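The chain contents come next:
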Amino acid sequence: MSIWEYANPKKFMATTTPIIPWVLGIALAAMFVGLVWGLLFTPDAENFGASVKILFVHVPTALMAINAWFMMFVASLIWLIRRHHVSALAAKAAAPIGATMTLIALITGAIWGQPTWGTWWQWEPRLTSFLILFLFYLGYMALWSAIEDNDTAADLTSVLCLVGSIFALLSRYAVRFWSNGLHQDSTFSADKETHIDPSFWYPSVIAMLGFGLLFLALVLIRTNTEIRLRRADALEARQRRSA
Amino acid sequence: MIALLLRDLRLAVRAGGGFGLGLAFFLIVIVLVPFGVGPDKTVLEPIAPGILWVAALLSCLLSLDRIFALDFEDGSLALLATSPLPLEAASVTKAVAHWLTTGLPLTIAAPALGVLLHMKTDAYAYLTLSLALGTPALSIIGAFGAALTVGLKRGGLLLSLLVLPLYVPTLVFGAEAVRRGAEGMDATTPFVMLAGITFGAFALLPFASGAALRVNLK
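These protein sequence lines are chains R and L, in that order.
Going by UniProt numbering, the letters in the first sequence line up with residues 1 to 243, in that order.
Going by UniProt numbering, the letters in the second sequence line up with residues 1 to 218, in that order.
Read the hints as simulated data drawn from the structure, not as lab findings.
For clarity, every value in this text was computed on a predicted model and none was experimentally measured.
From the three backbone atoms N, C-alpha and C, an ideal C-beta is built for every residue, glycine too.
Among the hints, a few may not be true.
Claimed, not checked - Derived CB-CB ranges, DEER-like: (1) Leu162/R x Phe199/L: 43 to 53 Å; (2) Thr15/R x Gly75/L: 41 to 51 Å; (3) Leu70/L x Ala7/R: 31 to 41 Å; (4) Phe32/R x Asp186/L: 46 to 56 Å; (5) Leu21/L x Ile20/R: 46 to 56 Å; (6) Ala29/R x Met185/L: 50 to 60 Å; (7) Ala78/L x Lys11/R: 14 to 24 Å; (8) Ile111/R x His118/L: 32 to 42 Å.
Please model the entire structure based on the sequences and the hints provided.
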């Protein structure tokens with residue numbers, strides 16, 4: 001029993017189809033609990049007022065924006081090394097979700113920035129890195145849609161994803177060098193004591209879990225859709241040949 | 001490799017269009033900027049290094065799709081792939097040829113255009129050096145983008161969408177070096193980083209370009 005068994009599209013679909021409703025259900029439940037708790041039942045933060053509550057959306061989406069790219073990076077590597085089609089399709093499926101998460105993080109960040117920093121937009125390292133990440137998503141999706149042959153598209157986008165990852169990291173440090181930030185340092189970390197009151201911490205963790213599972217559910221659904229599309233294409237081609 | 005380089009250079013110079021076009025575009029962008037922001041010296045002087053870098057980057061972009069497209073169409077790229085020269089080496093050679101026909105003329109012309117933007121006198125040496133160090137990176141990154149999009153009918157627009165985000169670090173360090181030079185600050189760090197990007201890109205990206213070319217030629 002190895003994880004590579006799931007590289008078989010049939011096995012992948014058979015395994016994931018029953019799981020998807022559960023993942024999606026838990027995701028929605030966690031998001032509902034996290035967001036309702038966060039938005040309605042947390043105290044207003046000192047100095048920030050109610051504006052702090054948008055962070056219950058901002059932080060999880062930002063987290064998923066980066067993790068989605070990382071997932072695409074791993075999936076691209078698997079495609080290039082082991083040539084499992086499911087892996088390439090999963091990377092393709094994740095890109096629009098990651099791009100949406102990035103966009104939501106940018107927009108909620110702007111809405112948060114207006115009352116607290118007094119500006120919608122500031123050319124500040126983290127904001128700029130996210131904008132660049134969004135451009136990388138756009139380029140990746142554009143390359144997928146531009147190439148007709150599926151395997152060629154998978155190969156080229158995987159190479160782009162690997163090179164893009166290096167340059168995205170490089171840009172992040174370049175941008176940090178170029179301008180100093182307004183952004184607070186990370187509040188959540190595994191090794192340090194958290195600087196955050198438990199009343200905010202629990203709902204944010206639940207919201208993050210919810211967004212993470214939502215991402216997983218959406219990727220699984222979209223990957224299954226891609227596999228079905230691929231099958232439909234194959235059927236059509238076969239029909240045309242026999243006609 | 002040298003034969004390929006000479007052939008590419010000869011084609012670029014004799015076929016016309018490609019060679020002078022980038023320079024002319026560079027000139028036009030620089031001329032347009034004062035129309036946009038006003039002829040005031042106090043406005044132009046601080047933005048001159050950045051504008052020159054962005055304009056150089058855009059003119060580099062103009063001729064990128066020519067790196068592989070013409071050879072792909074007439075089949076010489078397929079011929080190259082079967083020759084003993086690996087495609088990785090071919091893509092380095094083609095990037096060097098691209099640099100010699102666009103990056104190098106841009107570097108030489110940039111100080112003259114700096115005059116038009118009232119750039120500070122101290123900054124000229126920094127501008128030339130940073131462009132000389134940075135434009136090779138633009139060519140080799142661009143060659144990677146061109147290799148990805150070579151098989152596409154209308155790859156030009158997509159090429160810019162793919163390549164421009166990759167240009168961010170080069171632009172940041174290149175423009176920062178000139179800005180620091182203009183303000184009399186120490187510019188060693190951005191120069192070192194810029195050189196790092198150029199050499200790193202030359203060492204690693206040819207493998208990605210070679211892989212992309214091989215997929216497109218399949």
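A quick look at each hint next to the structure:
1. The supplied range of 43 to 53 Å is broken by Leu162/R and Phe199/L, whose beta-carbon atoms lie about 19 Å from each other.
2. The hint said 41 to 51 Å for the Cβ distance between Thr15/R and Gly75/L, and at roughly 46 Å that hint holds.
3. At about 40 Å, the beta-carbon gap between Leu70/L and Ala7/R stays in the expected band of 31 to 41 Å.
4. Phe32/R and Asp186/L have their C-beta atoms about 54 Å apart, which keeps the hinted 46 to 56 Å range intact.
5. Between Leu21/L and Ile20/R the C-beta distance comes to about 53 Å, which sits within the given range of 46 to 56 Å.
6. At roughly 55 Å, the beta-carbon separation of Ala29/R and Met185/L lies within the given 50 to 60 Å, and the hint holds.
7. Look at Ala78/L against Lys11/R: about 39 Å separates their beta carbons, and that is not inside 14 to 24 Å.
8. For the pair Ile111/R and His118/L, the beta carbons lie near 40 Å from each other, so the given range of 32 to 42 Å is met.
Violated hints for the displayed structure, listed by number in ascending order: 1 and 7.
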